[in-house]
Amino acid sequence: MTQLILEQALNGLQFGLMLFLLAAGLTLVFGIMDMINLAHGSLYMVGAYLAAAAAAASGSFVVGVLAAVAGTAAVGALLEVTVLRRLYARDHLAQVLATFALILIANEAVRWVWGDQPVLLNAPEALAGPVEVAGFSYPAYRLLIIAVGVAVALLLYVVVAKTRVGMWVRAGASNREMTEALGVNVRRLFTLVFAAGAGLCALAGALLGPLLAVQVGMGESILILAFVVIVIGGIGSIRGALVGSLLVGVVDTLGRALLPWLLRGFLPAETASTLGPALAAILIYLLMAAILFWKPAGLFPARG
Amino acid sequence: MRLTALAASLLLATSAHVAHAADKVKVGFLSTLSGPGAGLGVDIRDGFNLAVKQLNGKLGNLPAEVLIADDQQKPDVAKAEAEKFLKKEKVDFMTGIVFSNLMLAVGPQVFDSKTFFISANAGPSQLAGEQCSPYFFNVAWQNDNLHEAMGKHVQDKGFRNVVIVTPNYPGGKDAVTGFKRYYQGKAEEIYTKLGQLDYAAELAQIRALKPDALFFFLPGGMGINFVKQFVGAGLSKDIQLFAPGFSADEDVIKAVGAPMLGMFNSSHWAHDFDNAENKRFVAAFEKEYGRLPSLYASQGYDAALLIDAAVRDVKGKLDDKAALQKALEAKRFKSVRGDFRFNSNHYPVQNYVLRVIGKDAQGRVTNKTMGTIFANHADAYVSQCKMK
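Chains as they are written, first to last, in full-length UniProt numbering: chain V, 1 to 304; chain U, 1 to 388.
Looking at chain U on its own, in the form it has when it is part of the complex (with noise of 0.2 Å):
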């Protein structure tokens, strides 16, 4: 009896300093789930849980409680919601949030609180540069991604006389800079509110303009009221409309419809990807929610992945950041869009592929992957990133 209670106090002398296994994962999921914005954080989440799901609500082999929140697109409301988790629920992983003014307003308080954040969308290249941090890992790109290979491929295909539609905050002028970089032609930039809904005054300016093609980044609810509008104004006819594959993607799709057929989008996931995991997570993802998953979803999805690889890595030792930092680089676990590895910054490495939009087997409009635009690409701002 003695024995055991010297032991036990043993034990309990020696766990303050040595990392013991915790006994469940909390996750603070935090994403913007109401508003114009909000079909791209329910994805995230659908995407997110159903992985959960698919591990028996485990993370790791731990237990998983995923704690979430609606961040309602306001930077205000994101830091509140994100101290919550970080300081009340003492969280282990912090993911979701998909507007990139957002992850820049509650990165430093993650950061300094030593929780790993894995961002499931924003990718802004602040934090791919100079601000980044070994706390961050993003599980989709970096914001300038799919708009280069946008952008190489209108080039490519000859145009020169281009516009360029995107709201004014950090992730439009991320795409900007994303497209010029590979596009050489003119473009002439017409910057949006971000939330605007009504684009009349943008539309008619376009008409002006008279470009051959028009490239827009505008998500969610934001894209599918321009192309509804662009189409209604017949600009159609005469302007080949292009997009990163956030603005072409099944959530849009699914609101706008026929119009959208035939209109070209980059991406570095498709549901029609043939490998098994990818089989797997569109069925799965189908079954439970009655609707094809968007790249968003497949991001969440990819998200609790990498979590539950690194946590099992790690013995669910949380504490051990260093150990834990290693697994999350290490990235043990398929991802759905086949191969990616993390940049020493903690951006993907990925191919970028180039989809059009049509009808499937059964008759409905949705993505079809074309072929590479580019392969194994990195970002352009991982020479600034010195990791600490």
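Looking at chain V on its own, in the form it has when it is part of the complex (with noise of 0.2 Å):
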């Protein structure tokens, strides 16, 4: 039963890790420029269609990463130039519609450069199996999740923490307008931070190709827990995001493992087996239902 949970907390961590990577760029993006974006998941999925096809060409993983990383910030940053500075100014429902409007047109470019079926993109050989962990087996690969995760993690709040960049994005977060009376170039400072988070983006979609799959529409189920994770941890916030991630992912996947086990005990195989699983679906959106009950604001929030 230890040994469930350790694992289980581990793959909480993995995941919750990945989300970061997601939640970070959102929340930097919606918390300075008070944007929807809702492409963000499309350039995850723009990641890591690149990160197969570098890969494939190259016969590297690392290679495949790092091209989909550059390649994808390059596409974020011209993004913001050309479509995205334009919406700012307008409201939010006029934000959602423009880049729903970007998620369809980014899934059909994909769809007609690399067409319909799953792209296949393996991990390195040498992480394809597992390592001894505290007594039990657990996958190399998710422990270089983990691993890359956390040191993503650390450079960003050293970045956002002790830099001069990292202050006028902190400063922008808080407020914009005050921000920009002190002479900080906002506009270039908000392609700086977009084209950042979609490198994130990519990060996290070419390390979670392996382990899913690479696929049209891949962005759109996995952007919903990003925006939950940054509506729980308060908008604007790395410190916010980075916590809301870890909670989402550990209650959900130790919800996934724990729940069906619980009511086993009192409740017939079946119908345990049925209803564990549902119940640990709806319990991130419970965990987000009472943190807003009691911090309307959500954990950190940058904005008073």
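This list has only true hints and no planted wrong ones.
Covered, in the sense of this in silico footprint (three residues per stretch, anywhere, with C-beta under 8 Å from a C-beta of chain U), are these stretches of chain V:
id, segment
1, 7 to 14
2, 215 to 224
The calculated SDA-like cross-link candidates involving lysine to any residue, where the alpha carbons are at most 25 Å apart (straight line), are:
id, chain 1, residue 1, chain 2, residue 2
3, U, Lys326, U, Leu62
4, U, Lys74, V, Leu279
5, U, Lys88, U, Asn49
6, U, Lys193, V, Ser221
7, U, Lys254, V, Leu120
8, U, Lys74, V, Phe100
9, U, Lys186, V, Gly265
10, U, Lys186, V, Met1
11, U, Lys254, U, Arg280
12, U, Lys88, U, Pro75
13, U, Lys210, V, Leu13
14, U, Lys74, V, Leu120
Just some of the chain V residues that point at chain U, by a computed CB distance under 7 Å:
id, residue
15, Leu4
16, Gln117
17, Ala128
18, Pro130
19, Pro139
20, Leu211
21, Leu212
22, Thr253
23, Arg256
24, Ala257
25, Ser273
26, Thr274
27, Pro277
No lab work stands behind these hints: they were computed from the structure. We treat Cβ as the ideally placed atom computed from N, Cα and C, and that holds for glycine.
Grab the two chains, each in its own frame, and use the hints to assemble them into the complex.
Set out below in structure tokens:
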């Protein structure tokens, strides 16, 4: 039982850190420019496809990941300069509509280039097997994801908390007008933030590609969770995104494994195995509702 | 002159009452052609098209028009596309659907319009029993069958502590019922979401349950991810994997590769079946598409052959539904799987074999037939079917 909980905690950590890569970019964009970008998940999809293409062409997974991050960051910057920039002054409804259209365009574009069927992206051979952790085997590849996730979270923390650019970002998130008045070029800062967010998306997409499937529309399901994360964590806060991601990741994973287990104690096995996953699926939203009840602005809001 | 005009009008008048030969056969092919389940639909489509091509573009000596639509594995999309086929295109036959939940969603509208649906895959228990229809023919199997065969094999091999993993949808429930019909030991059931791709939580549960064997039914991309992650988690050392042919077929092997070596699975067909029709089919399929056919492809191929034989039988008189039904029931073609006949519920009575994944003479990882598990096996629902 302890082993099950330990293994699930690691799984939750892995899932949570991947959510964090998505939520970090999303929350900065939302926080600084007050812009709702539904197409954030599309950048995740583009990243995964670029990774698969580059890995297939070069024969190296690492090259695939790096190419995906660089390529998607460029796509993100281009998207910001050409389309999204025009939307900042509009209200949220216009932003939602426009970026929803971007999702459809991105899906069709990817379908056009790579076809309808999922594209194959395999983990590097050396990491395809298990390693021993605390007395049981755990997939080496998931440990790599955890390591990369922790490293990126630390790096982001240092950049946002300790550098000048980070200071501008934080200032922009808590009060955009005042920051502009102080002479910060928020326009350029934002292109930068957007490109960085796209790069993080691509990293998540490339790393999750071998575990999930690189397919059209893969960004939509995970985007909903990313939005849940930033709502829980507090909009515009990197720390909130991290805590929110880990909460959602752990609750979802533990719920899926432990709920059927607990229900089996007092329900027939058949009912328990049907009811458990169903309950686990709504657990995240119960968590969100509970947090918003006590803290309507999320756990660590950037703006008061 | 006047006489021919009279003859012509007479002919026209009588033709309103008597079925006459159609000038072409229209088939509505509706299947999952995008997303993680796409590999299955694509194989059925390729198998179907190959047969039509070998018949020189004809079905039953009539020019064939095969309309293709993607159901995206969504019931609402499937219903809308079926509506188009039935109302706008007025197709003579429908085929293609992979997933049972979609088949159950589309079934009523197809049968109400008196259009024959030749299922090349989905075989839900509902349509084999109480909801059976004269307009539904399944050229593959009833959902439970392959799982029943595996349940029998696992039982015979002496495993008594098994975990079953399957998606929570009608096909998944049929799988569990089928497996447990012949397996009597302890069976812990784990249900996943249909289309789920990350199995971390389930694998942790399996590790904690410590079974000696695992039976999983996860079609398409789901199975590909599951096997990869199962091996990645190091579970393959202690737990023997068993699957129905769906989850251990050429599409899955192509994506997973060597980790599948030694896995046992059950099927009604294999590419190494030793009969003339099958040899011709496998060679032609490989030549046309550059890959080994899966069982889905063989079912698509047989579906086309069934339509061909039946249309030939009624001499192209597609309006005579009663005659067409009789012709379909008669099954006047040689299947690539060898022998099978239709039961009174229009589901096959046939053999089920054991396959193991190994390396062939060319060093390719692929399925190899080991022997028969069931001979002339019928489904368990046929007695509930009152065919009207």
